[in-house]
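K.L.:
Letter by letter, the chains look like this.
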Amino acid sequence: MAIDTNSRPQLAPGCRLGENNNQRVLLMPERVLRLNGPSLEIVSRCDGKHTVAQIVADLQKLYSKAEPHKVQADILGYLALLQKERALDFSA
Amino acid sequence: MTVPQNNPLALVCELTHRCPLHCAYCSNPRELAARALELSTEAWISVFRQAAEVGVLQADFTGGEPLTRTDIVELVRAARAAGLYVSLITSGLPLDEAKLDSLIAAGLDHFQLSFQGAREETAAEISGTKTHAQKLRVLEWLKSRRVAVTLNFVLHRRNLDQMDEMLAVAENSSATRIEFANVQYYGWAFANREQLLPTHAQLEQFLVTVKTAEERLRGKIRVEYVVPDYYAKYPKPCMGGWGRKVMLITPNGDALPCHAAAVIPGLHFGNVKEESLRQIWESSDAFEKFRGEAWMQEPCKSCDRRAQDFGGCRCQALLLAGDAAATDPVCSLSPKRSNVDAILASLPTSEAPAGPQFVYRSNPA
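These protein sequences, in sequence, are chains A and X.
When we follow this note's numbering, the leftmost residue of the first sequence carries the number 1, and every step to the right adds one.
When we follow this note's numbering, the leftmost residue of the second sequence carries the number 1001, and every step to the right adds one.
Simulated from the structure, these hints should not be mistaken for lab results.
Glycine is no exception: its CB is placed at the ideal position from the N, C-alpha and C atoms.
Worth double-checking, as some hints may not be accurate.
[Stated by the list, open to error] Dumping the calculated DSS-like pairs for lysine-lysine here, alpha-carbon to alpha-carbon at most 27 Å:
1. X:Lys1336 with X:Lys1301
2. X:Lys1233 with X:Lys1273
3. X:Lys1220 with A:Lys49
4. X:Lys1245 with A:Lys84
5. X:Lys1273 with A:Lys84
6. X:Lys1143 with A:Lys84
7. X:Lys1301 with X:Lys1289
8. A:Lys49 with X:Lys1143
9. X:Lys1289 with X:Lys1273
10. A:Lys84 with X:Lys1211
11. X:Lys1236 with A:Lys84
12. X:Lys1245 with X:Lys1273
[What the hints assert, rightly or not] Quick list of simulated restraints, FRET-style, between CB atoms:
13. X:Gln1357 with A:Leu81: 29 to 37 Å
14. A:Asn22 with X:Arg1049: 18 to 26 Å
15. A:His69 with X:Leu1344: 48 to 56 Å
16. X:Pro1094 with A:Glu67: 53 to 61 Å
17. A:Glu19 with X:Leu1207: 51 to 59 Å
18. X:Glu1053 with A:Gly77: 34 to 42 Å
19. A:Ala73 with X:Ser1302: 42 to 50 Å
20. X:Leu1207 with A:Lys65: 25 to 33 Å
21. X:Arg1049 with A:Lys65: 29 to 37 Å
[Claimed, not checked] Computed list of chain A residues with no C-beta within reach of chain X, every gap over 10 Å:
22. Asn20
23. Pro29
24. Val32
25. Asn36
26. Gly48
27. Lys49
28. His69
29. Gln72
30. Glu85
Take these sequences, add in the hints, and give me the full structure.
P.N.:
Here it is, written out as structure tokens:
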């Protein structure tokens, strides 16, 4: 499923941020995902308010040394992974 | 033997062995813990705090039926306050809407509802209780509440033909996750295996159905499944490896590396009433026994897959090879694989043999 850049991703019920030994993690049913710098920046913007396009723009600013299209591709790839894990709801 | 250790990540809490159901494949041991010996509320709360301190992230409340504990809401609140992610693994009874609201308000993250089939009569046949209509009511209540929902369908010869109906139940609910869990053959299920083990044709159809559903539901419902490992080529990495990730606490406070470990003779289990969780994890006899690779026999000892499947399941090795340190006999490389093939060859070939004569799970004193 392609991700609509105008949609607003939000963590699904039962998915939330947590911490373990100073490592931020995403907790969900029967799974724990470790969050590194960029993935934490993405997940913390999945609040139902930011659109995908806004998240991309934010991170392109934050990682201004990286190529913008590469940043976008990485973000879309990561959101697709979270979608497959069923960690996100996308609203219009 | 000292092996560099990971933290445990998950704490399986068998809060009680009491249960209104009598499922013929129950994963509880054949010898059930009596109510009088169950840990107190305070003892469980101490366990949750210690678990979070050693690095556990998730607590799975199970049983028996965890809702039979009258302090269940307090236990959910305490585990969440300790910093744990809390899952409730339940049959859905005894439960009403007010209790469900209390559980969610206390911080329940994940509600996993187990199903014995897609029809009342199948569910009643396997569990010895009428529960299916109540489960469907619970699914309706869950639709308007914010909590992760998993439907867990336990599969075997007598209900594998209902998978399409099971998928329909899930798609008509707020579930974000389905588990198609084929019965694993220990304890009660081992006693009933001739009536529960699927046929080879059923297994093949199962794999087609589950993979199609996985594709079709991507982004809506996460579909996960466990195959019956008697048909597998290699064993499952049982519990993610002995003493590597998971710690299970029985109703009376024994700390086990897996649900069935009590069947292995000579293992001494630490108890949370006498020792700290950290002491038990790091140095108890039972957790040390099959950690790492030093205990392995051939063919595991020199096998390239030993870091993937950790030699398979110790309890299954005991049940099917008579030696808990042997290679799991479901492995095609095991010298005892013929024991598994003999069981499969002895199965009736029809999918639904005449009326079941199950050994039903009893209830503790």
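K.L.:
Looking at the structure, which of the earlier hints fail to hold?
P.N.:
2, 5, 13, 17, 20, 21, 22, 23, 24, 30
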